[in-house]
Amino acid sequence: MTLEIDASEAVEKSTGGISKKGLSAGSVGLVGAVIIGISCIAPAYTLTGALGPTVAEVGLQLPAIFVAGFIPMLLVALGYRELNNAMPDSGTSFTWATRAFGPWIGWMAGWGLIAATVVVLSNLAGIAVDFFYLMLSQIFGNSAQIAGLAGNPWINVGTCLVFIGAATWISYRDMQTTQKVQYWLVGFQLIVLVGFGIMAFVHIANGSAFDPTPVSLSWFNPVAIGSFSAFAAGLSLSIFIFWGWDVTLTMSEETKGSRSTPGRAATLTVIIVMVLYLFVAVAAISFAGVGGTGVGLGNPEIQGNVFFALAGPALGPFAVLMSIAVLSSSAASLQSTFVSPARTLLAMGHYGALPPAYAKVSPRFFTPGYATIASAIVAAGFYTIMRFVSEDVLWDTITTLGMMICFYYALTAFACVWYFRRQWFATVRNAFFTLTFPLLGGIILTVLFCTTLVDSMDPSYGSGSEIFGLGLVFVLGMAILLIGVVIMVVQSKVRPAFFRGETLSLAAPRFGERDESDE
Amino acid sequence: MKFLVGYTATPAGADALALGVRLARAPGSELEIVLVLDGGERATLTPTDPGNNSLLLEAAEGWLAQALALVPAGFSVRTHLEHADSLTQGLLAAAARLEANLIVVGAATHGLLGRFAIGSVASGLLHSSAIPVALAPEGTRLMNTDEPISRITCAVGTKAGAGGVLTAGILLARTVDAPLRLVSLVAIDRPGADAEAIQLAADHAQAVLDYATEHLMDGLDVTANVASGRSIEQAVRGLHWEPAEVAVVGSSRLAQPHRLFLGSIAAKMLRELPVPLIVVPRDFTATVGE
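Residue numbers (my numbering), protein chains in the order written: chain A, 1 to 519; chain B, 1 to 290.
Because the hints were derived from the structure by calculation, they are not lab data.
Errors might be hidden in some of the hints.
Stated by the list, open to error - What the simulated footprint calls covered on chain A by chain B, stretch by stretch (three residues with Cβ under 8 Å from a Cβ of chain B suffice, anywhere in the stretch; the number is not a length): (1) 215-229; (2) 363-369.
Unchecked claim - A short, non-exhaustive set of chain B residues, derived as facing chain A with CB atoms under 8 Å: (3) ASP38; (4) LEU56; (5) GLN66; (6) ALA69; (7) TRP241.
As the list claims (entries may be wrong) - Computed list of chain A residues with no C-beta within reach of chain B, every gap over 12 Å: (8) SER90; (9) GLY91; (10) TRP154; (11) ASP174; (12) GLY294; (13) GLY316; (14) VAL339; (15) VAL378; (16) LEU440; (17) MET457.
As the structure is a prediction and not an experimental result, all values here were calculated from the model.
For every residue, glycine included, the Cβ atom is placed at its ideal position computed from N, Cα and C.
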């Protein structure tokens, strides 16, 4: 027997000794945190997906709605951070809502999160398909035939399934891009987007813009938006463009350096992204206007994927760079987005809210393998059905997505308020961070959710697809939530332990208590 | 001797554990079961999530408990959880810290279209380990762990650098108390040179045998063979292999930092052999008399 000394002591305690060393050691600095934040937001992908539908709702007031959309996002994210500090758990919204409101509401919050991420996965893959063929056509001498392949539903669905399959394989095997690659990808994305904006203004100055529209201060005035419905719809879409930003706030454990690093990273990320969004939005509107023809942002033909149409006219020979930027942005986003539903499903399986197979961790790659594949299959199925049902699959998925994000973010915000109910007035800080901010955010999102739901019953809502005389977006939203309810009821019969609160109980930390966790 | 098993809750991990148990049967041997988890040091696109990590840790504890349950009573066995950026790094770090004498991993093959390929972990270890590495072939787990190692077969080359293999072979034969067979592999691809080559190999085998008998004071059973064939593969196939034996080969004499450490003959043997293979580093030294 050899005697173990010093360095080994911390790791190897006794027979069967398990070390927890190194688990939260993954540390990123300020720049790294900002890069992860921007990468998760994926500005190139987000802008191409969200610009059109948002213009359809609010017209010229696009910049105003982008600024306004950040406010509920910020309010909810602050509550999210409080919960994450008190109960770090891979189930996030699911676990927190269960602790605050019990198994039924918790289950639906988890379902909302999974639905939102699965919907965005299919949209991401859809955008990637469009740009993949656009890029091919740009490389092979602008043949419209190749770019048109994306319009063939069979080729489109086939390519999309290949992309989703590849992303699943990467997630399952946990093959992550290194930080250096990320720096390049994010940097490239930012340069191309800024370049796009500059080129747009150059065209305007030369008089070669498609529909030169002089920049006006009223673009930044949310009051100038015609109706509250339009405002609400625009807002729920612009929440989507900041989705992913909350990641920077919750990296408190991993960031190295001073305690203020996460806060500074989050602030810096949002400033960069906000400036970029406003610049590109203003440039795009000034260049193309909001008219309903050609590359006008109001043209329903191009609204699901505006850079697809704008890249050529604005960037000319460099349009291929835009395709690469959006493709790489979608790829990065696919990677980071895949993790989220898989981890939530893993937690739901772990606590017995879903079959135990979902709790399986791959012994080779240490990823939630079953959950990853399950989300991929659902995302692929969802996209395939949508492609054939909807007139504009990208547009309708983005609108549905906005609604789903409102749903589960609102529940998360209220969970924060209710969970900390006994600590609201413990400190002035608590009064703001566990009561005022999340409550306000939750109320705004609830109003948005309800308004969008009511408005989307109109068959002309979104891209104008309808089922049984009801808007497709409404049908989708309701179907997703109702399927959730059905599965929940079935699970409650098959696996009653979770629904009796035996695996994850209600809790609320008492006044003066530092925090409470599962132990 | 201290045997370190690089365990994963996969068939390959079970293969490694089964071989480790069979090697560590002798009194005084120790078995260290190591499971390597991602250290989280790697910069990734997805931020690490403490909640997810605790679930992972729970799963890992479960896997180690399962591994422990597979080890028969009476063994000196411990389990360890190692955090590292890669499995290879984790195993090497654990081996250094625990002062292990041999690392056992599963050599499950995942080659495309049935072609042979050793796992990335095994090949990573073969590139960088300073101690011998045992590769448990697919299916080792099916053999009864009570089955003692029936023989150690040591492939000794005719070129320089064969000393390490022999040392390791002798050491192992003593530890597991098994007979030692020394083989000299000869490939005859040029007709006409046969007799000369075989004679050379036979002389060499005899010299090695003399050396080995000198050093096996407690009188272990040692035999020496010359195996020839049109190719090394054929020579290996021509030998008789017992199901419960273990082969020992040396690493490439050309092994340099970041260069393939598994020599071409060893690689060919790995492909042909139905038995576990222990690869000994080029500069392996140990006091045979200890």
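Against chain A, is ALA69/B within 8 Å by beta-carbon distance?
Cβ of ALA69/B sits 11 Å from chain A, so the hint is violated.
12 Å Cβ clearance of VAL378/A from chain B
holds, 20 Å
Over 12 Å from every CB of chain B: does LEU440/A meet that, or does the non-interface label fail?
Given that every Cβ of chain B is farther than 12 Å from that of LEU440/A, nearest at about 26 Å, it holds.
Just want to verify: GLY91/A was marked as not at the interface with chain B; is every Cβ pair farther apart than 12 Å?
violated, 7 Å
Cut-off 8 Å, beta-carbon criterion: hint that ASP38/B touches chain A
holds, 6 Å
Under the criterion of a CB-CB separation shorter than 8 Å, is LEU56/B in contact with chain A as hinted?
holds, 6 Å
Would the least Cβ to Cβ distance between GLY316/A and chain B come out above 12 Å?
holds, 32 Å
The stretch 363-369 of chain A covered by chain B? Criterion: 3 or more residues, Cβ-Cβ distance below 8 Å.
holds (count 3)
Would GLY294/A pass as off the interface with chain B, using Cβ distances and a cut of 12 Å?
holds, 37 Å
ASP174/A remote from chain B - nearest C-beta pair above 12 Å
Given that some Cβ of chain B is not farther than 12 Å from that of ASP174/A, nearest at about 8 Å, it is violated.
Find the nearest Cβ of chain B to the Cβ of VAL339/A and say whether that gap is larger than 12 Å.
violated, 4 Å
Quick one: work out the minimum CB distance from TRP154/A to chain B and report holds if it exceeds 12 Å, violated otherwise.
Holds, since 29 Å exceeds 12 Å.
Hint check: violations occur at hints 1, 5, 6, 7, 8, 9, 11 and 14; the rest are consistent with the structure.
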